[in-house]
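A.B. asks: Next come the chains, spelled out residue by residue.
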Amino acid sequence: MRHWQLQRLGEDGLLLQLGTSIDAALNTQVHALNTQIQAQRPAWLRDSVPGYSSLALFLNEQAFAHSQDPLQTAETWLHHLLQAAPLGTARNTSRCVEIPVHYGGEAGPDLAFVAERARLSSEEVIHLHCSAEYRVAMLGFSPGFPYLLGLDPRLTTPRRSTPRTLVPAGSIAIGGAQTGLYPQASPGGWNLIGRTALALFDPQRAAPSLLAPGDRVRFIAINGT
Amino acid sequence: MSIDVLSPGLLTTVQDLGRFGWRHLGVGTSGALDAYAHTLANMLVGNPANAATLEITLTGPRLTFQHPCTIALCGAQIDAHCDGQIIPCARPVQLPAGSTLTLGACRTGARTYLAVAGGIDVPECMHSRSTDLRGGFGGLAGRALRAGDHIPLRPSSLLDLTAPCIAPWWIDDALDAAHSAPIHLLPSVDALASPGTLLATRWNISAQSNRQGLRLQGPALQLVNNDERISAPVAPGTVQLPPDGQPIVLLADAQTHGGYPCIGHVIRADRQRLAQLRPGDTFHFAAVTPQQARQAWQAQQHMLARLQLAIHARREAMTC
Chain A
1 MRHWQLQRLG EDGLLLQLGT SIDAALNTQV HALNTQIQAQ RPAWLRDSVP GYSSLALFLN
61 EQAFAHSQDP LQTAETWLHH LLQAAPLGTA RNTSRCVEIP VHYGGEAGPD LAFVAERARL
121 SSEEVIHLHC SAEYRVAMLG FSPGFPYLLG LDPRLTTPRR STPRTLVPAG SIAIGGAQTG
181 LYPQASPGGW NLIGRTALAL FDPQRAAPSL LAPGDRVRFI AINGT
Chain B
226 MSIDVLSPGL LTTVQDLGRF GWRHLGVGTS GALDAYAHTL ANMLVGNPAN AATLEITLTG
286 PRLTFQHPCT IALCGAQIDA HCDGQIIPCA RPVQLPAGST LTLGACRTGA RTYLAVAGGI
346 DVPECMHSRS TDLRGGFGGL AGRALRAGDH IPLRPSSLLD LTAPCIAPWW IDDALDAAHS
406 APIHLLPSVD ALASPGTLLA TRWNISAQSN RQGLRLQGPA LQLVNNDERI SAPVAPGTVQ
466 LPPDGQPIVL LADAQTHGGY PCIGHVIRAD RQRLAQLRPG DTFHFAAVTP QQARQAWQAQ
526 QHMLARLQLA IHARREAMTC
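In the order they appear, the protein sequences are chains A and B. The working numbering puts the first sequence at residues 1 to 225. The working numbering puts the second sequence at residues 226 to 545.
Calculated directly from the structure, the hints in this document are not laboratory data. Any given hint might turn out to be false.
[Claimed, not checked] Listing some non-contacts, in silico: residues in chain A with all C-beta distances to chain B over 10 Å:
no., residue
1, Pro-42
2, Thr-73
3, Leu-78
4, Leu-82
5, Ala-84
6, Glu-106
7, Arg-119
8, Glu-133
9, Gly-175
[Said to hold, decoys possible] Just the calculated beta-carbon pair ranges, DEER-fashion:
no., chain 1, residue 1, chain 2, residue 2, range
10, B, Ala-530, A, Leu-82, 36 to 44 Å
11, A, Ala-84, B, Arg-371, 49 to 57 Å
12, A, Leu-198, B, Ser-419, 46 to 54 Å
13, B, Pro-377, A, Arg-154, 51 to 59 Å
14, B, Pro-468, A, Glu-133, 32 to 40 Å
15, B, Gln-526, A, Thr-35, 30 to 38 Å
16, A, Leu-198, B, Gln-526, 39 to 47 Å
17, A, Glu-116, B, Gly-421, 50 to 58 Å
18, A, Gln-72, B, Pro-468, 31 to 39 Å
Even glycine gets a Cβ: it sits at the ideal position worked out from N, Cα and C.
Turn these sequences into a full structure, and let the hints steer you where they fit.
C.D. replies: Structure follows, in structure tokens:
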């Protein structure tokens with residue numbers, strides 16, 4: 001049975017949907033497929049953009065012959081790829097990025113609140129947050145902003161009722177069942193538990209974003225509390 | 226060489242044709258919203274289509290040109306004066322060193338493009354000179370112009386003149402489509418409860434619109450399936466439907482992913498016209514097939530190619 005759906009995203013994009021839920025296994029399939037696509041990287045592929053359970057391909061039409069219908073050609077190519085290597089069979093070979101975090105204090109003003117909600121000590125929250133391995137499900141919202149999967153459900157904390165007008169760049173935060181990092185200073189409603197000194201996004205670098213879709217992430221506490 | 230910004234206008238940004246290939250990092254495309262007018266302005270001053278121009282929104286800046294420059298204004302008709310003299314749109318104009326160009330209100334449309342021969346010479350950032358307002362990079366310091374800014378230009382070999390020299394010819398920079406023509410869209414898989422309403426409605430442009438999206442006002446639309454969607458990639462042109470039933474058409478600065486249902490995509494050929502809609506303007510949608518969308522795009526590219534030939538011939542014959 002075919003468990004994916006292919007649709008068009010305007011005139012120069014395809015959107016492959018593998019499912020309709022936020023699910024770590026589904027997201028792993030997205031990145032495995034993306035790795036395969038990147039390995040072949042046809043000349044017309046301008047960008048491949050993972051979502052939680054979807055993958056968009058954007059085309060550079062100038063790379064097609066005049067007689068070719070760009071979207072149809074890309075659709076056929078993708079169908080062949082999916083037939084040759086069915087979803088779920090590709091291996092996951094992502095890299096792991098370690099992020100040093102200063103938890104609590106000025107860097108993480110909401111750590112105590114998160115601990116209180118979870119009925120844990122601040123140390124236990126830090127321990128739980130550092131024990132998990134996360135996956136960059138996708139980057140979006142703002143340049144370099146990672147949506148991470150893998151937060152320990154005990155750390156689920158509702159978003160603040162009043163968002164902060166300014167969250168400092170590098171802040172590590174928990175919003176609902178998700179954890180994330182703010183690459184740029186911006187307004188934000190998530191609970192701030194710590195901060196990293198690493199530059200998550202720098203447009204001047206050859207690789208502007210520290211994190212790429214599909215990367216695994218570990219947080220390393222660089223202080224006690 | 227540079228242009229001094231005396232006053233910035235409402236929202237004036239440096240834009241080229243956009244920043245491609247970075248959506249997987251959450252980086253939007255940016256770029257001139259009306260790529261057609263941007264391209265024509267560049268052609269009039271002899272630039273390649275991707276040279277950076279200034280995108281002027283509704284109210285223009287006041288600018289002093291330190292050196293003699295050839296400029297052109299395309300897109301929305303705008304009141305333009307240079308030291309007391311009226312500067313017409315859609316043709317090349319040579320300005321003497323020290324000229325102050327005062328751009329007033331856009332009289333038709335919402336965005337005018339100011340091209341300068343040689344292009345706006347800000348450094349490329351991630352392969353583009355476009356301003357990414359949300360990311361805060363590209364263009365001039367990653368933001369809209371401010372008073373006191375100096376916009377870098379390429380050195381030009383133009384000899385100084387004593388007064389502006391206005392080409393005696395001009396081009397028709399308006400798109401073929403009538404102002405009342407529908408905005409065409411490719412319907413999407415998210416089905417509407419009463420699909421006729423989307424096409425039958427005259428949509429009103431909300432004042433909340435910006436370079437990220439046009440917010441539309443009209444009867445609230447409903448979906449057949451109201452299950453919550455999870456964030457998935459979107460693109461400029463995508464028409465989203467938030468829970469309030471008022472569609473949003475995503476423009477060049479839109480986020481790379483969206484969690485709202487997607488009810489269609491505005492075709493590329495008509496996004497130039499979207500860029501020129503002002504708060505309070507109205508329009509209606511019409512559905513097209515992918516083939517019709519492609520034909521409309523090719524027709525627009527052919528029109529640009531024809532204008533390029535005409536402009537080239539006239540520029541060759543220019544005397545001042």
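A.B. asks: If a hint holds in the structure, say so; if it does not, say that too.
C.D. replies: Hints, verified against the model:
For Pro-42 of chain A, the requirement that its beta carbon stay farther than 10 Å from each beta carbon of chain B is met, with the minimum near 14 Å. Listed as outside the interface, Thr-73 of chain A is consistent with that label: its C-beta sits roughly 13 Å from the nearest C-beta of chain B, beyond the 10 Å cut-off. Every C-beta of chain B lies more than 10 Å from that of Leu-78 of chain A, the closest at about 15 Å, which supports listing it as non-interface. Leu-82 of chain A, annotated as away from the interface, keeps every beta carbon of chain B farther than 10 Å; the closest lies near 18 Å.
For Ala-84 of chain A, the condition that its CB be more than 10 Å from all CB atoms of chain B holds, with the nearest at approximately 23 Å. For Glu-106 of chain A, the condition that its CB be more than 10 Å from all CB atoms of chain B holds, with the nearest at approximately 23 Å. Here Arg-119 of chain A stays apart from chain B, with its beta-carbon at least about 29 Å from theirs, past the 10 Å limit. For Glu-133 of chain A, the condition that its CB be more than 10 Å from all CB atoms of chain B holds, with the nearest at approximately 21 Å.
With a closest Cβ-Cβ approach of about 13 Å to chain B, Gly-175 of chain A is found to remain outside the 10 Å limit, as its non-interface label requires. Evaluation of the 36 to 44 Å hint for Ala-530 of chain B and Leu-82 of chain A yields a pass: the beta carbon distance comes to about 38 Å. In this structure the supplied range 49 to 57 Å holds for Ala-84 of chain A paired with Arg-371 of chain B, their Cβ-Cβ distance being about 54 Å. Checked against the hint of 46 to 54 Å, the pair Leu-198 of chain A and Ser-419 of chain B passes, with Cβ atoms roughly 50 Å apart.
For the pair Pro-377 of chain B and Arg-154 of chain A, the supplied restraint of 51 to 59 Å holds, since their beta-carbon distance comes to about 54 Å. A beta carbon spacing of about 35 Å between Pro-468 of chain B and Glu-133 of chain A agrees with the range 32 to 40 Å that was offered as a hint. Distance hint check for Gln-526 of chain B and Thr-35 of chain A: the Cβ-Cβ separation is about 35 Å, which falls inside the suggested range of 30 to 38 Å. For Leu-198 of chain A and Gln-526 of chain B, the hinted distance range of 39 to 47 Å is satisfied, since their beta carbons lie about 44 Å from each other.
Checked against the hint of 50 to 58 Å, the pair Glu-116 of chain A and Gly-421 of chain B passes, with Cβ atoms roughly 53 Å apart. Evaluation of the 31 to 39 Å hint for Gln-72 of chain A and Pro-468 of chain B yields a pass: the beta carbon distance comes to about 35 Å.
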